[in-house]
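Trainee: Here the structure of chain W is known, so what remains is to put chain V in place on it, guided by the hints.
Residue numbers (the working numbering), protein chains in the order written: chain W, 1 to 289; chain V, 290 to 706.
For the record, the hints were derived by calculation from the structure and aren't laboratory data. Yeah, the Cβ is synthetic: ideal placement off N, Cα and C, and Gly gets one too. Keep in mind that the hints are not guaranteed to be accurate.
Which residues of chain W face chain V? A few of them, derived with a C-beta cut under 8 Å, are [what the hints assert, rightly or not]:
hint, residue
1, 2
2, 5
3, 8
4, 84
5, 129
6, 138
7, 140
8, 213
9, 257
10, 263
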Amino acid sequence: MTWDLVANVLIAGLLTGMVYGLMALGLSVIFGVVRVVNFAHGEMMTIAMYAAVILFVGFRLDPFLAVLPVAAAFFVFGYWLQKGLINPFITRPEHSQFMLLVAVAIIMVNVLLMVFGPDARNLQVDYQLESFEIGRLLVDKARVYAAGVALLTAGALFGFFRFTLTGKAIRACADNHLGALVVGLNVKHLYALTFGIGSACVAVAGCMMVLLVDVTPNLGPAYTLLAFITVIVGGMGSMPGAIVGGILIGMSEALAGLLISPSAKSMFSFGLLILVLLLRPQGLLGKKP
Amino acid sequence: MANHTDSPSGHDMRRRNLVKAVGAGAALAGFPAIVRAQSTKLKVGVILPRSGVQGLIGQSCQIGADIAPALIKDMLGVDIELMNADWETNVDVARTRAERLIQEGAHVLVGPFDSGAASAIAQVAEQKGVPFVINIAAAPPITEQGYKFVFRNFPTAIDLTVNGLALIGDLFRATNVAPRSAVFMHVNDTFGQAMNRGIGATLPRLTQLPFKIVDTISYDPAAKDLSVEVSKAKASKADFLLLVCRLNDAIILRREIVKQRWNIMGMISPGSPGIYEDQFQKALGKLSENCISNNPWYNPKTAMTAAVIKQMAKQFPKEKLHSHGANVSYTFESILIAADAFKRARTTNPKELADAIRQTNLTDRVSLGGPIKFNAKGQVEGNLSAALINKDGRPQVMLPASAAETKPVFPWPDYKA
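Pulled out of the complex, with its shape left as it was, chain W reads as follows:
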């Protein structure tokens, strides 16, 4: 085994992990504040992927530019979804929330099947098949760009929650729901805003993911599961945790594929999940309840 093979695989794992992190970011944001687990997360990302494909095919809009309209549309959709559908379930038992969002997910998959059919769709941009060559290392351009967007999005979210008044108000809601109500914060609006932001994150992830993966209506459940693993490993509700969890899973899968067997890749993400649940149930960067 040569060093360049190991390095290439590790870099690929790192970049893929950052994209996983981006994907899990929205889930983490929503859970961190609203305390609702979005079981339609992967399906929403699939819709975003279709949106990116449509914008590319219809208007030749590069997915990096498509991020803006798709994220804006998803923000509105997420805001409406929380305010109109999910909010009445916030105080209900968790299994009710679970059933609601699973139902939403199933509806989404079936609508996609009706509209687009079962065939995979993709888009082809010039840089999609290109790689950066650094000595003997080859780094996939699309993955580098997608990882860059993941970092930018994480940074922007961090800045928003840390330095803006609205962000601070949302954090206040997350920290102390009753206290937030007492000081007069419009908690329902802030929850809806958070769901909108989380959905916009999902949209960004979808626009990036479509550069790496062909989209089919049935893609959602697998990505919902992957996002869960990422968030649980990183720490539920922790934004840096989502990125760290993604990187860990991406790299462990890559190394398992290289050193053990490619067939065993996904087994390792689940192995990591069990290990974290046993040793640090709140996740690597999560707070103890």
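Mentor: What follows is chain V alone, placed relative to chain W:
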């Protein structure tokens, strides 16, 4: 409950019915052949996975069935009535659908594009004594059970592997190229594992092949990222990629080969779906060109294939035969086999129909291979594969030369050229 004995008219009715029944019974007992021969229509129960995971393939096969009645009427003068059933990609459903088709009067069963379903239907057909002609299913045990009513006109998995590997040798000879090494990548599902075992057992015996497998890499067919797998394969420094794949993974692999600038001589499947499929070419565009797969296929040069193409254009103007390949050709042939046997047997009596099927000798056919003749086990021997290359957005036959639509190309040219 009505008491018919109290009514004189009821009594008369019973007497008349009794006379009719006795008359009919006598007719059946005395002149069975004449009565059965009066059935002028062959009812074919077509059982395919038209929904579920294999739904698209089932619908593809269904085209082969749907064109059969009109075409066979023209060719043999036989009337066919199709009784279509969907086994929903669920083996238990396959079994119950087969039972129901028989109850509803199917004289012969055709289908089902799957070895598991074929095994289940074969048990039902054998139990009920109704002929079953398998269109597509490769598991060898199906025709190793000593069944009397089960027939298969499709290569077994062993034949598929041998045919596919032999064609690779033919390709190298035709292009005067002798790669020394291959890296073998395969999906880790049941099909991929079976092919892995088959290739492992067959390759050492095919001494005419110039290459050795230097590394074997199995992967999950549902994988969304195959960068690690391709990195490993590239590190093997093999001359070409031997691939047993499905559709989506084949697309991801081809892209990854370009991304990682893996300069191999080509990508050849010794017998698996994926590479020749429409979606592979739609998704990859020019990247799909010159990818090779060796599969059971139709012979583009026969008169019967021309007739099939013409009938498809009439009934399914948007569909092309090359998009459906063996699905259409083998499904159509299964019904042709049944119709030909019915014509010769002049009866729908299941045993006589099965005997007639056993005597089949069809030299004119759609699929590549020798005449359709069943051996003692009910298996057609001599079905061949074609070496297909993707060219101009569709799979074209390179080999065997007698059926070639285009010249053999190996190694593949740079896709940018």
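Trainee: Give a verdict on every hint.
Mentor: The hints, checked one at a time:
Taking 8 Å as the C-beta cut-off, the interface hint given for residue 2(W) holds, the closest approach to chain V being about 7 Å. A hinted interface residue such as residue 5(W) counts as satisfied when its beta carbon comes closer than 8 Å to some beta carbon of chain V; here the least separation is about 5 Å, so the hint holds. Annotation: interface hint on residue 8(W) holds; nearest CB of chain V at approximately 5 Å, less than 8 Å. Annotation: residue 84(W) was flagged as interfacial toward chain V, and the flag is violated, the nearest CB pair being 32 Å apart, outside 8 Å.
Hint status for residue 129(W) relative to chain V: holds, with the closest Cβ pair at about 5 Å, below 8 Å. Taking 8 Å as the C-beta contact cut-off toward chain V, the hint placing residue 138(W) at the interface holds, the least distance being around 6 Å. Restraint check, residue 140(W) versus chain V: the minimum CB separation of about 5 Å is within 8 Å; hint holds. Interface hint at residue 213(W): satisfied, since its Cβ lies 5 Å from the closest Cβ of chain V, which is below the 8 Å cut-off.
Hint status for residue 257(W) relative to chain V: holds, with the closest Cβ pair at about 4 Å, below 8 Å. Of the supplied interface hints, the one on residue 263(W) holds, with its beta-carbon coming within about 5 Å of a beta-carbon of chain V, less than 8 Å.
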